[in-house]
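S.K.: With chain A held as given, fit chain B onto it using these hints.
Listed below are the residues making up each chain.
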Amino acid sequence: AQSVAQPEDQVNVAEGNPLTVKCTYSVSGNPYLFWYVQYPNRGLQFLLKYITGDNLVKGSYGFEAEFNKSQTSFHLKKPSALVSDSALYFCAVRDEVIYNQGGKLIFGQGTELSVKP
Amino acid sequence: SAVISQKPSRDICQRGTSLTIQCQVDSQVTMMFWYRQQPGQSLTLIATANQGSEATYESGFVIDKFPISRPNLTFSTLTVSNMSPEDSSIYLCSVAKGGETQYFGPGTRLLVL
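Protein chains in written order, with our numbering: chain A, 1 to 117; chain B, 1 to 113.
Just chain A, with the same shape it has in the complex (with noise of 0.2 angstroms):
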């Protein structure tokens, strides 16, 4: 069965400073893998994907995540965080295609990411 962990439920960081939201996964094949964000009472937000490539991929508002096959991992960064950056942040992982298209999110239990000034 495939999977998603986010060890930590929060992380708080100052302004200015870099942040890292971590996610590992377990498939067993090869790992579709997605960070969301979610603002208060607001859907889902998606902000990058890796599928294949460069291990390195940006995404929307500044973030990136490096994909580690090694350590299986999917960490979410940013340079220099923004009190705005304050919401709670989702990785998931796609299980097997249904159609060739769209296919089952699996997701992580959430980090809540808190900026202060």
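Hints listed in this document are in silico derivations from the structure and should not be mistaken for laboratory results. All values reported here derive from a predicted model rather than from experimental measurement. Check before you lean on any hint, since a few could be wrong.
[Claimed, not checked] Simulated pairs of lysine-lysine, BS3-like, Cα-Cα distance not exceeding 25 angstroms:
| id | chain 1 | residue 1 | chain 2 | residue 2 |
| --- | --- | --- | --- | --- |
| 1 | A | K116 | A | K69 |
| 2 | B | K97 | A | K58 |
| 3 | A | K49 | A | K22 |
| 4 | A | K77 | A | K58 |
| 5 | A | K104 | A | K22 |
| 6 | A | K22 | A | K58 |
| 7 | A | K104 | A | K116 |
| 8 | A | K58 | A | K104 |
| 9 | B | K65 | A | K104 |
| 10 | A | K116 | A | K22 |
| 11 | A | K22 | B | K7 |
| 12 | A | K49 | B | K97 |
| 13 | A | K104 | B | K7 |
| 14 | A | K49 | A | K104 |
| 15 | A | K58 | A | K116 |
M.R.: Below, chain B without anything else, positioned relative to chain A:
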């Protein structure tokens, strides 16, 4: 990406009643999905809504409790039937537009009293 709307955005319902949630997409999509996010929890897939065929339900979710319709390629509904307080959750629809990425609607916040 895709522009996805859901109605209602939130509702408070009495136990034993049913609520139908609508999901509308701004363009045709093959795959639509319904997820549940219980308070303080992650997202769990309820079912995949297929146009022209029955929805595919995940383990632990049944059609009698969560009937789904998918009449065309831009619209789907999820009904939460015979509700109990345990059904209080955020219900989100998502779509995949021929690629790997799923895009999510804003969610429907349901409180069952």
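S.K.: Failing hints, ascending?
M.R.: 1, 7, 11
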